[in-house]
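Starting from two chains that each stand alone, build the complex the way the hints lay out.
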Amino acid sequence: MSDDRPFAITLPVGSSLANKTGNWRVERPVYVERQPPCTTVCPASEDVQRWLFHAEEGDYESAWRVIMEKNPLPAVMGRACFHPCEGSCNRAQLDEAVGINAVERFLGDRALEAGWTVPVSASDSGRKILIIGSGPAGLSAAYFLRLDGHDVTIYESAALPGGMMRYGIPAYRLPRDVVDAEIARLVEMGVTIETEHSVEDAAIAMADGGFDAVFVAVGAQKGRHYDIPSGDASRVMDAVSMLRDFEAGDEPVLGRRVVVYGGGDTAMDAARSATRLGAREAIVVYRRTRDRMPAHDEEIADAMAEGVQMRWLTTIRSAQSDRVMVERMTLDDSGAAVGTGEFDELEADSLVLALGQDTDLGLLENVEGVERVDGTIVVDEHQRTGRRGFFAGGDAANIGANDRTLTGAIGQGRAAARAITAFLAGREPERDPELDPAGFDRVNPWYYSDADRTMRPRLEAARRRNTFAEVVSGLTVDDALFEARRCLSCGNCFECDNCFGVCPDNAVIKLGAGAGYQFNYDYCKGCGICVAECPCGAIDLVPEHR
Amino acid sequence: MSAERVPVRFYQVGSFAVGNRLVSADRRNAQSDPQRANSLTSGHRACAGCGEALGARYALDAATRVTNGQLVAVNATGCLEVFSTPYPETSWQLPWLHSLFANSPSVATGVAAGLRSLGKSEVRVVAQGGDGGTADIGMGALSGMFERNDDVLYICYDNEAYMNTGVQRSSATPGAARTATTDVVGEHPGNVFGTGKFVPAIAMAHEIPYVATASVADLFDLETKVERAMSMHGARYLHILVPCPLGWGSASSDTIRLSRLAEETGLFPVFEAENGELTGSRTIRHRVPVEEYLRLQRRFSHLFTREGEVKDVATVARIQAIADRNIRRYRLSEEVS
Chain A
1 MSDDRPFAIT
11 LPVGSSLANK
21 TGNWRVERPV
31 YVERQPPCTT
41 VCPASEDVQR
51 WLFHAEEGDY
61 ESAWRVIMEK
71 NPLPAVMGRA
81 CFHPCEGSCN
91 RAQLDEAVGI
101 NAVERFLGDR
111 ALEAGWTVPV
121 SASDSGRKIL
131 IIGSGPAGLS
141 AAYFLRLDGH
151 DVTIYESAAL
161 PGGMMRYGIP
171 AYRLPRDVVD
181 AEIARLVEMG
191 VTIETEHSVE
201 DAAIAMADGG
211 FDAVFVAVGA
221 QKGRHYDIPS
231 GDASRVMDAV
241 SMLRDFEAGD
251 EPVLGRRVVV
261 YGGGDTAMDA
271 ARSATRLGAR
281 EAIVVYRRTR
291 DRMPAHDEEI
301 ADAMAEGVQM
311 RWLTTIRSAQ
321 SDRVMVERMT
331 LDDSGAAVGT
341 GEFDELEADS
351 LVLALGQDTD
361 LGLLENVEGV
371 ERVDGTIVVD
381 EHQRTGRRGF
391 FAGGDAANIG
401 ANDRTLTGAI
411 GQGRAAARAI
421 TAFLAGREPE
431 RDPELDPAGF
441 DRVNPWYYSD
451 ADRTMRPRLE
461 AARRRNTFAE
471 VVSGLTVDDA
481 LFEARRCLSC
491 GNCFECDNCF
501 GVCPDNAVIK
511 LGAGAGYQFN
521 YDYCKGCGIC
531 VAECPCGAID
541 LVPEHR
Chain B
547 MSAERVPVRF
557 YQVGSFAVGN
567 RLVSADRRNA
577 QSDPQRANSL
587 TSGHRACAGC
597 GEALGARYAL
607 DAATRVTNGQ
617 LVAVNATGCL
627 EVFSTPYPET
637 SWQLPWLHSL
647 FANSPSVATG
657 VAAGLRSLGK
667 SEVRVVAQGG
677 DGGTADIGMG
687 ALSGMFERND
697 DVLYICYDNE
707 AYMNTGVQRS
717 SATPGAARTA
727 TTDVVGEHPG
737 NVFGTGKFVP
747 AIAMAHEIPY
757 VATASVADLF
767 DLETKVERAM
777 SMHGARYLHI
787 LVPCPLGWGS
797 ASSDTIRLSR
807 LAEETGLFPV
817 FEAENGELTG
827 SRTIRHRVPV
837 EEYLRLQRRF
847 SHLFTREGEV
857 KDVATVARIQ
867 AIADRNIRRY
877 RLSEEVS
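First to last, the protein sequences are chains A and B.
Residue numbers 1 to 546, in the numbering used here, belong to the letters of the first sequence in order.
Residue numbers 547 to 883, in the numbering used here, belong to the letters of the second sequence in order.
In isolation and in its complexed conformation, chain B is listed as follows (with noise of 0.2 Å):
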């Protein structure tokens, strides 16, 4: 299972760096080629330290590289679509399509089936988009794809707010993060529990071949995912956590720590599904409390005092559990799997 723990190779960094010189070339990630595709190349206008960015040219490298550059990526509107293709200049480097908001999957759905109809098989499909676009907006379409079985890769670049258009609240939001939207004010302060979704598990419900979560700070586990989803065919889903330091109100160069710090405590779970059910986890390394991961944002600030300390006890003990849930919910911990 390619979710699995990978079993720890010693070379001086283990697997977890991109790369080491020590690791013959076929055993490392596709990142570390020199040659490798830069689907999302320079000059783009994400923020400094964009998780996004990062993600999408880790998904789809990794994509470029098993379908042999024969890729078609449909894209929703979002960060994505506008720091990458303002007129005249693109940053792809694969064909690539952009038309609405709510339609990317319908539009990659057509688009695959276009090449059907051409007779190019060897072609492939991906979609993308936030998590506006993928849990709000482009959510209908997106069950239709599901629904059908469409032959798309789906891949949601989740950073858990409308980014572009200035920080609204999305339903991917967590409780108690501070957006344009849900001001710290009131009895409540930030985004309010226990509503939103998770669209991955809303995936699963839908009974498609493939659904898997990554995040950019395991890159490794990430790239298996992705040739793991375009060694099938059918419909897909990858979810992606990519922190935005804007959003976020953390430091550009917390990106990757955030990601690893989410998945350490536990608040983002890293699994993968196939046919509705669970089959496999990446299980926690050193797991920390979620304090960890939320003092480094700007948007759970009211939950701590001025010097780091936790102000709102009754707050991080909700988000606690929300973690310790999704531990064993995904079973993130060899102690309860």
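Chain A with its partners taken away, still in its complex shape (with noise of 0.2 Å):
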């Protein structure tokens, strides 16, 4: 018996560790990456899980930069989405979905308070890129290309940039001041706007401009009308002038009885603005039902709350000085509105149509290569007219997509950056890197405590009616943090350290903050439970093959 060993210890002793029992295993657990259902139904493919994920630590700058990857003004952004990922959200299979686009604007904010920036870290390329239209896509398409080392420049036709953001959505839902913020913020990284400058035609302005390519952003800005017989001292409008004018400080004069006539968004912009304008009655008039208005929920819902009435299954025939005549229409079998002959009348002192926007393309009449249909331009999933150096996006691009909305906009205007850039480099552009999708099946929901949505405070409706103050005031520094941390992290692991406490053989390694883990395979059974009991299903289990 040796001396070394301890006491009693009559026979020496291995440890088990020489016992690699990862050799038993028919499956083998690995960690994967998928993508969260709010990336991808983002019209700008934000990573807002990515994001998110930093606002959890209370880290926001990291979590605003995070969306400058992809988005360009949050803080607009975060007050006038349609917030599409917060209807794709899992969590709303659990209790509510995550206030997404509250957090987004938080983080919007806190960026113009403390005047964080991006900084142009490419050397200097040397192109010249012109850009019309200084709308959301043109803004978005400037920050990128400016982003990738170009000289930007954007001609306005307009006295003050911004587009539809400035003259399309009332103040009360998008404060002025935030727009010319987040567009301050991107001149200063050099990119050039040059307001009061009409193009008349796209290809002698790039010509003149020396420019290496054009991207066409120029929005739809004629409202269209829409022929009902009326009468001379009538006052018929369309919603787009009618909210231009008012922005550009020519108050339209609408009365007090004032019958929009539309179902879309900027229908309940009218109406609502209309209410604030002093008109004391404000009726939407819809030939469809409730259900197929084009509009958001949320601005239905705001509309009516703040007195706007709604006239559904209605058309307007005619309209007098004071009066539209109505006909209340019917759904046939096809769902299509057929009119009833029952006829009726409503009090009115002006009619505000908002029947959809059409896009004035005469700056590409006499531009050849550049094809158009119902009024705007084809472009491909990078942005490209049929034109060489020729690209377009926005609201006067025509991509199966496009539902005009500022999201697409912005994520159109990064599309097309990168097909600039590549276009100038002689080479396709990239697209996204797509993952499977993280579904709702792979959460295991057990692990996440059960907790409400934070609601933005409103204001009570009854104060907004004559305020064009901002409608939805902002999370606190305390409810922002927590909505963030309402997230699943759906598909992607947060560093929860539950398949390194629940391995019975002790094969997960820990790497550390930020590092994640990695497998023992010398060890690792292929029993499943990390797979099983992982959150948020970052895990998937995979035959072996030997």
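You may find that some hints are simply not true.
[Stated by the list, open to error] So the derived list for chain A, only partly shown, Cβ under 10 Å to chain B, looks like this:
#  : residue
1  : E57
2  : G87
3  : V378
4  : F494
5  : E495
6  : C499
7  : V502
8  : P504
9  : G514
10 : G526
11 : C527
[What the hints assert, rightly or not] Quick list of the computed label-pair ranges, beta carbon to beta carbon:
#  : chain 1 : residue 1 : chain 2 : residue 2 : range
12 : B       : I868      : A       : D291      : 48 to 54 Å
13 : A       : L17       : B       : R662      : 29 to 35 Å
14 : B       : S667      : A       : I509      : 35 to 41 Å
15 : B       : M778      : A       : A515      : 35 to 41 Å
16 : A       : D291      : B       : H832      : 49 to 55 Å
17 : B       : G822      : A       : D540      : 54 to 60 Å
18 : A       : V41       : B       : S570      : 33 to 39 Å
19 : B       : N614      : A       : L17       : 56 to 62 Å
20 : A       : D374      : B       : S570      : 55 to 61 Å
21 : A       : S473      : B       : H832      : 34 to 40 Å
22 : A       : A513      : B       : M778      : 34 to 40 Å
23 : B       : P580      : A       : T10       : 31 to 37 Å
24 : A       : L17       : B       : I868      : 39 to 45 Å
Keep in mind the hints are simulated off the structure, nothing from the lab.
Every residue, glycine too, gets a C-beta built ideally from N, C-alpha and C.
This is the structure in structure tokens:
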């Protein structure tokens, strides 16, 4: 018996670490990264989960910088985006969707307060890009092109930049100082904006300025008219003009009773603005039923809460100076609205048409190779027109998924910038990587505490009626942190240590904060407990190949 | 009270996951610590998905943490002993002693007495065994240890049968469960109802300082109870439910899920008691009917059709009645407390 053994130990002892139990395994766990639904549905492809991850730690600047990788206007979007991300959020199946939009706004506002900006680290490319229109698509493209090192100039026909963010969306939804501040940041980054610079011919403007590429993002500024028989004294105007005139300081004369014709968001904006301009009654007339209204539910609900009346299944047949003649409609078997022959009269001092918008494409009249369909520019998935060096996006461009939203315009601006940089380098633009979806079925909901959504405090509907002050106010710091932490982190590890803790074989190695985990396949028996108990579904079990 | 509901703190996963990057280190579970003791280290020969291996590491790591490593473990014969120490290997990273099937409480008593006589009062003693070694074979020795109030924490890892020798019935096997010795034959297939023992209640009857139950699905609660037990002296008893994929006929990945369902159905009451009196209960968070627990286990498959529908309605109702009684008796629901 050797003397170096402890007291009472008679036999030499070895560790079970010599026994590599990993060779029992028939399946192995692997960490995966999946695409959460919020990103999948975002028209601007924001990595929502990735910026919430930083916000969860209270690291708001890092969170904001992640947003800025996809969207240069977080404070604007945190107010005016219709947040399809929340509609798809897996947390809705647990309690309520995460208030992504509210957190985005919080971060956007923080950045403006703190003066955060994004440095242009790319070296000067020596290339000049012309952008026509300073709406969200144009500004987004300008930002990303600037980050690629290009010299970017925007021509804007109006007196101030911003496009529909300024002349379309009412101030109670999107305060102008926010728009100004986010645009100012782009200007500081070196984007040149020439206002009151109309373009008669895009090709000539491009040649005159010595530009290497042009991005046409002129929006859809013309309110669509519909031929309604009307008397001489009747006041009929289109909603886009009404909102624009008002913004330009030219207050439209609407009278006490205003009828708005249409069922989209612009109709809601017009009706809600009318009440703020002193109309005692604002009535929205729409030919189909509420569930078919193209306006977002939130806008309809807000409008009704503010006293806007709705007349569904109704069309306008004629307008006089003090009334409009309406016809009641019904839906036929195919869902189309057809007249019933029953007529009615509504008292109305003015009629506002919100029937859609068209694009003024005069600047492309003499430009060859740029195809147009139904008054919009035809582009491919990379925002390229048929003419070399000509790109288009935003409301002016016709692409399958273009739902004419602010967020869509931001995404198209980024796509165009990427395509322009690729074009200048003589290569094909890349696409965003696509991952397998992270569905709710992969989430282990047991691990998430029940936590209700923090509602953004709203001004009382009554108080809103005669003010253009912002309706929805922001989150407090505590609420923003709480809201961010409601994210389930679907499909991607957020370092909860569960796999590390639940392994009966200590076969998970914890690499430390930010570095995640690694499996020790020497000992992993492939039991799959880590897979079953991963709260967010970031581990797959795959067959072992030998 | 440690077993009272810990207020839910909101760190993305609340208090339920093992750790969390958002929680300060001193409030994380011992298991989230990369420097944790790993009292039972890798390379042991427990089946894939073994609940007992998990439970033993959870409990002994927590005990090691509170005693600063001044800990001796005495083990009864059973799965835990066999899979951890095939000569010349051992998976134990603490002083560990095995003698016989029946005598681990007595050996632990002796170890504690020996340490006391050596003046090493800082070294604490844990005895551990399976349900066979505890409820059947070691019952007399355990009762003696309780009755003498020896300074030992006895931990029973309950997997509800003799798994090591081929899944024979123990006195902790539940009614209707199929084992090698309670086959699915005759009028009442599987184990009979109305026999067997619930050792925590027996321990409470000894009026020892501390008795608690825990499960591998509730790590925070388990660690809190180990810490509480180690803060006391005298005879203490901890009973941990540890699902056994082999003996229960369940998927190896379902070990924690089953443990959670045992809690959430009420079939396994999680509570603690001091000096014979119930002092705290873990309330059920989302109550579920017993068939959700039973359906995942082949030992109860004779109660269900091939499609998973309840076939033996009377037996399932009888098991549900046991769960309902547990909920009343151990105050597992806020409504009955």
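Outcome of the hint check:
1. Given hint, E57 (chain A) at the interface with chain B, holds; its Cβ is 7 Å from that chain's nearest Cβ, closer than 10 Å.
2. Hint status for G87 (chain A) relative to chain B: violated, with the closest Cβ pair at about 22 Å, above 10 Å.
3. Taking 10 Å as the C-beta cut-off, the interface hint given for V378 (chain A) is violated, the closest approach to chain B being about 45 Å.
4. Nearest Cβ of chain B to the Cβ of F494 (chain A): about 6 Å, under the 10 Å cut. The hint holds.
5. Annotation: E495 (chain A) was flagged as interfacial toward chain B, and the flag holds, the nearest CB pair being 4 Å apart, inside 10 Å.
6. Nearest Cβ of chain B to the Cβ of C499 (chain A): about 8 Å, under the 10 Å cut. The hint holds.
7. For the restraint placing V502 (chain A) at the interface with chain B, the shortest Cβ-Cβ distance is roughly 6 Å, inside the 10 Å limit, so the hint holds.
8. Hint status for P504 (chain A): holds, given a least beta-carbon distance of 4 Å to chain B, under 10 Å.
9. For G514 (chain A), the interface hint holds, the least distance from its beta-carbon to any beta-carbon of chain B being 8 Å, beneath 10 Å.
10. For G526 (chain A), the interface hint holds, since its Cβ comes within 10 Å of a Cβ in chain B; the closest pair sits about 6 Å apart.
11. The interface hint given for C527 (chain A) is met, as the beta carbon of that residue sits about 4 Å from the closest beta carbon of chain B, less than 10 Å.
12. One distance hint, 48 to 54 Å for the beta-carbon pair I868 (chain B) and D291 (chain A), holds here, with the actual separation near 50 Å.
13. Distance hint check for L17 (chain A) and R662 (chain B): the Cβ-Cβ separation is about 34 Å, which falls inside the suggested range of 29 to 35 Å.
14. At roughly 37 Å, the beta carbons of S667 (chain B) and I509 (chain A) sit within the given window of 35 to 41 Å.
15. At roughly 39 Å, the beta-carbon separation of M778 (chain B) and A515 (chain A) lies within the given 35 to 41 Å, and the hint holds.
16. The hinted range of 49 to 55 Å is not satisfied by D291 (chain A) and H832 (chain B), whose Cβ atoms lie roughly 34 Å apart.
17. G822 (chain B) and D540 (chain A) have their C-beta atoms about 49 Å apart, which leaves the hinted 54 to 60 Å range violated.
18. Checked against the hint of 33 to 39 Å, the pair V41 (chain A) and S570 (chain B) passes, with Cβ atoms roughly 36 Å apart.
19. The supplied range of 56 to 62 Å is broken by N614 (chain B) and L17 (chain A), whose beta-carbon atoms lie about 24 Å from each other.
20. Checked against the given bound of 55 to 61 Å, the beta carbons of D374 (chain A) and S570 (chain B), roughly 59 Å apart, stay inside it.
21. The given range of 34 to 40 Å is respected by S473 (chain A) and H832 (chain B), whose C-beta atoms sit roughly 35 Å from each other.
22. A513 (chain A) and M778 (chain B) have their C-beta atoms about 36 Å apart, which keeps the hinted 34 to 40 Å range intact.
23. Between P580 (chain B) and T10 (chain A) the beta carbon distance is about 35 Å. The supplied range of 31 to 37 Å therefore holds.
24. Checking the proposed 39 to 45 Å range against L17 (chain A) and I868 (chain B) shows it holds: the Cβ atoms sit about 43 Å from each other.
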